[in-house]
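Listed below are the residues making up each chain.
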Amino acid sequence: MIGKCSSCFMKVNGVPNAKTCREPVREGLVVERQRGWVPPAAGVEELGSVEFREVETDLLVVGGGPAGLSAALKASECGLDVVVVDEHFKIGGQLLKQTHKFFGSVELFGGMRGFQIAEEYARRIGSSERIRVIPRSAVYGVFRGGLVGVVGENSHYVIKPRAVVGSTGASERYLDFVNNDLPGVIGAGGVQTIMNEYGVKPGDSALVVGSGNVGLIVAYQLLQAGVAVRAVVEILPEIGGWFVHAAKVRRYGVPILTQHTIKAVYGNGKVEEAEVVAVDENFNPIPGSEKKFRVDLVLLAVGLEPDTRLFSQCGAVMKWSPDLGGLVPLRTPDLETSVRNLYVAGDASGIEEATTAIMEGWVAALSAVSKLADKSRASRAEEELEKINKFLWEEYRASPVLARARRGKQSVTVSREEMEKIRAEHPPHVSFG
Amino acid sequence: MPNSSFRKTGVVSPEELAALNLLPPEDRLKKGPVVVLECPEMIPCNICVPYCPTKAIKMEKLIDIPAVEWDKCIGCGICVAVCPGLAAFVVDTSKSDFDYVTVPHEFIPIPRVGDEVVLLNKLGEGVGRGVVVRVWERNRTYVITVRVPKGLGMEVRAVWVER
Ligand SMILES: Cc1cc2nc3c(=O)[nH]c(=O)nc-3n(C[C@H](O)[C@H](O)[C@H](O)COP(=O)(O)OP(=O)(O)OC[C@H]3O[C@@H](n4cnc5c(N)ncnc54)[C@H](O)[C@@H]3O)c2cc1C
Ligand code: SF4
Ligand code: SF4
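Here the protein sequences come in this chain order: X and G.
All residue numbers for the first sequence refer to our numbering, where the first residue is 1 and numbers rise by one.
All residue numbers for the second sequence refer to our numbering, where the first residue is 434 and numbers rise by one.
Read the hints as simulated data drawn from the structure, not as lab findings.
One or more of the hints may lead you astray.
[As the list claims (entries may be wrong)] In the DSS-like style, the derived pairs of lysine-lysine whose C-alpha atoms are separated by at most 27 angstroms in a straight line are:
hint : chain 1 : residue 1 : chain 2 : residue 2
1    : X       : Lys-292   : G       : Lys-441
2    : X       : Lys-291   : G       : Lys-441
3    : G       : Lys-494   : X       : Lys-387
4    : G       : Lys-555   : X       : Lys-291
5    : X       : Lys-160   : X       : Lys-375
6    : X       : Lys-387   : G       : Lys-491
For reference, chain G alone in the conformation it holds in the complex (with noise of 0.2 angstroms):
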């Protein structure tokens, strides 16, 4: 896509993501948590593909950009984890009361469980506060899942610990 706005801004709209088909539709999205791989580019990567344990990523080659078999994804966030491009994310937008999003994490300090984060958007804006309600790590990628306020699912990408 040479002339999307992505090239310029560095943040990729929801509109270029659907048109990729990498936004999960609205039907799997009322099911529970699901992938978004904000991989625009044909990229020569696929990690992704081999580390989902249920083979919900495809690729014909190495350069492809992915493709997701929506109801095939549990949104375990393994691929949070391995993307070397930091670019997986699950969300949750299922609930009625709170939207959930993990994101990868690579900076000190590493929240905990319970810890209040600032929620940061693709812009690096601050957009709320979340609690975060799960950690884990692999090869020193952490992945966070946060609980935000409702509405925010498909906002917020990264978390900022306060020092």
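The shape of chain X in the complex, shown without the other chains (with noise of 0.2 angstroms):
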């Protein structure tokens, strides 16, 4: 319930495997229940009239989190036309949720709030002429020539963009234990969701799998909705998280297990019960140390991995990082993949935070206007990169927070001339520009 898993198929409207978290509540709507997926009809449905339009634009920024809405901004203030395609029916992606202050500096919107950024980028891209969103839609493939593919409910546009940024962030792991399909397990981002953008309290009392950032937080959230947080495990020896979001939970008297992992979940047709177990420095369970929580709800925040379906499909040469959360697209320091004019930003380049998302939208933007726009505008852009990169890589990545995000995404950034070796050896089937 990131937005990217099947955990809340409904039958929407008489269409099945549809997304309900992501569906506004409007006149008329008809939810049914389904039990698991749903094989679409056969044949060809009449599904009343569709507008198709094709579509011309500089830069078309596929994701509107704060990757893709920093990139927007960007190069809309240097002068390019940008189209912003978000299947949700709101912009700012993972920002929507989160009812916490950001870190950072004031520049960087440290000190707001996550859905107070996303109303701050709501604002200006509402308030440019040269920013169009087109919500509820999703890219859906691209086709040779560089079009895009753009479905929404009653739409489909066919896109030609001068220069792609994906922006398309990062799905949920999930985990494998005993009955984890029972009902009351689910998804810290879906949490997130149900909580604090709907306003829905999802249960009484919680175990929360993982002490990643995330993790560390929705136990905050969890306990300020007033749900009793049982305890907090984590399998490796340390918590993943940084050291003040672990103080805020154990202050209110929330446990951190660290080499503990969950075992079993049991209940009749939900969640009533949740077995924890200690792990040996092999990561195998140690016989005779389960634990017992009563709890209603098991949130599992055991990671992201990128979403790179669109580089993927477009031919980007790819690499496998685990510290980055899984494959992602090779890229020179100014984000540029292997196919010309198509960047990556945010989590899709590789799981890490908001404030560098920001930071990457605004290099994958200049980099387009580097090569799109006038000269003057173009030596700007380049110029201001370069400041940018500097202070990510030099002072920001410093981090020794961001040190495994930062060795990640050094072992997919090559050099602009490696690029173009690799270019000519894995000549991608779509081009753009």
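Using the hints, build the complex out of the two chains.
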């Protein structure tokens, strides 16, 4: 329920497999339960009239989270026309469900709450004449000739951009354990959506699995919503997230059990009990160390995986990076992939955090500007890009708490010259420009 | 600090804070309210720096651990309100009868002046009861000053309103 899983599939107005976490409530809406995946009806169904349009633009931004929105704004400020496509009915990506204050500096929105940053972006984008937002629509594919297909509820667009920023974010990982399909086992992003975006208390007592920043923050937000958090379990010997986030839940009495994992959940039709177990140095469960907690909610915060299907489909050369959460496109220091004029930014470029996503959005936009805009704008863009990259790599990512992401991102960044060689060896089957 | 115990426990000890110059010196504590920043990691954040009205907190780089000039701090609590890590506190151990602690609070109900509240330490253990003496708010973070039994100034890091 980060908008990218099937946990909330229901039949909406007769159409199966609709993600209800992204359906705005409206007059006459009919929502029905479905059991598991329902294959779409065979044959052609009459769906009513579909609006078809062809759109040309300088820059297409796929995904309106912090990375995409900062890219769109920066590019528009430099004179480019921009189209932003997002699947959700509101722009902001993960920021929409973040009620806590963000770090960074004042210039990087530090001190503001996540949803407030999203509101600020929406305001700036709304007042820009160069940016057009297409909400509730998904980029479903890229065709030869650099045409991008976008489908909405009653619309179908084909966009021809001169450059593309892919800022599609990430999806949540799941975990294997006994009865993990019982209702009440839910992703951290899902709970944030239900609780923080829609104001619904998700349960009475919870166990959080995973002590990265996401797990710790969700634990704190559950406490705020009046949910008793029995424990946070972490399989590693140390807490994954930042100390300050851990301290925030510890001082309200939540234990963080390192070297522990979840073994099973039990219950009649829903979670009633969760069983955790200690693990040794090799992550093997230690028999006899099991503990049970009476909970009706088990939150999984066990990591994110970059959503890079768009890049794979375009034929961008990809690399597997455990430090970044999975398969990501190779890129130059200015975030161009092996597909010319296709840039990557944010979690799609490797899991990091929102502030770096914003900075990567700027870098991607400025690279596009340096190629597409007139000479004076282009050279100014290059200067600014240089500055941001220097700050990002030499100051921001010098933080030891970002060491892993930094290492990962270094391992997938290649020089422009090297990228030319890669392009010659693996020519992509689509191109933009 | 890779092998610090706070990375395992989520609880930072006074010794660990002192080693990072984050604990006010004894003579400063005797003079009145002063900040304690429980911010022991080099995280990319400097929000407390520009907001401090007396420029008592210094950082050269965004990822530095904050450095406090103890004599400049007036114990106003603005950093308590703005710190995204909820890691800033103000303690006053200078009085002979009570200690005073100022903590951030983001839970309902919001305590009111005069309320008696439960005092929690870094582990969330109830260590006594205190009386709220001041409450103010900034962007939905409430800043609560509470009068606590003498000797608990360095212990209390949260308050809880019994429902
Ligand atoms: C639960 C949780 C808590 C977090 N807390 C923090 C925090 O406190 N501080 C912090 O710095 N970071 C935090 N993060 C991380 C931060 O939210 C992400 O790093 C950041 O949002 C990444 O930005 P993004 O723009 O790359 O992706 P996202 O914010 O995920 O945005 C991607 C957008 O792309 C859209 N999209 C994807 N595919 C398509 C498509 N094919 N067509 C159209 N639209 C598409 C999605 O709908 C989405 O809106 C948290 C993440 C999670 C999941
Ligand atoms: S308490 Fe006030 S003066 Fe002291 S460091 Fe914080 S903001 Fe500055
Ligand atoms: S604002 Fe808080 S988290 Fe940020 S540097 Fe200052 S004390 Fe640390």
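Evaluated hints:
For the suggested pair Lys-292(X) and Lys-441(G), the alpha carbons sit about 22 angstroms apart, so the restraint of at most 27 angstroms is met. Between the alpha carbons of Lys-291(X) and Lys-441(G) the distance comes to roughly 20 angstroms, so the proposed pair stays at or under 27 angstroms and holds. For the proposed pair Lys-494(G) and Lys-387(X), the alpha carbon gap of about 15 angstroms is at most 27 angstroms, so the pair holds. With a CA separation close to 24 angstroms, the supplied pair Lys-555(G) and Lys-291(X) stays within the 27 angstroms bound.
The straight-line distance between the Cα atoms of Lys-160(X) and Lys-375(X) is roughly 23 angstroms, inside the 27 angstroms bound, and the hint therefore holds. About 23 angstroms separates the Cα atoms of Lys-387(X) and Lys-491(G), which keeps this hinted pair within 27 angstroms; it holds.
In the structure shown, no violation is registered for any of the earlier numbered hints.
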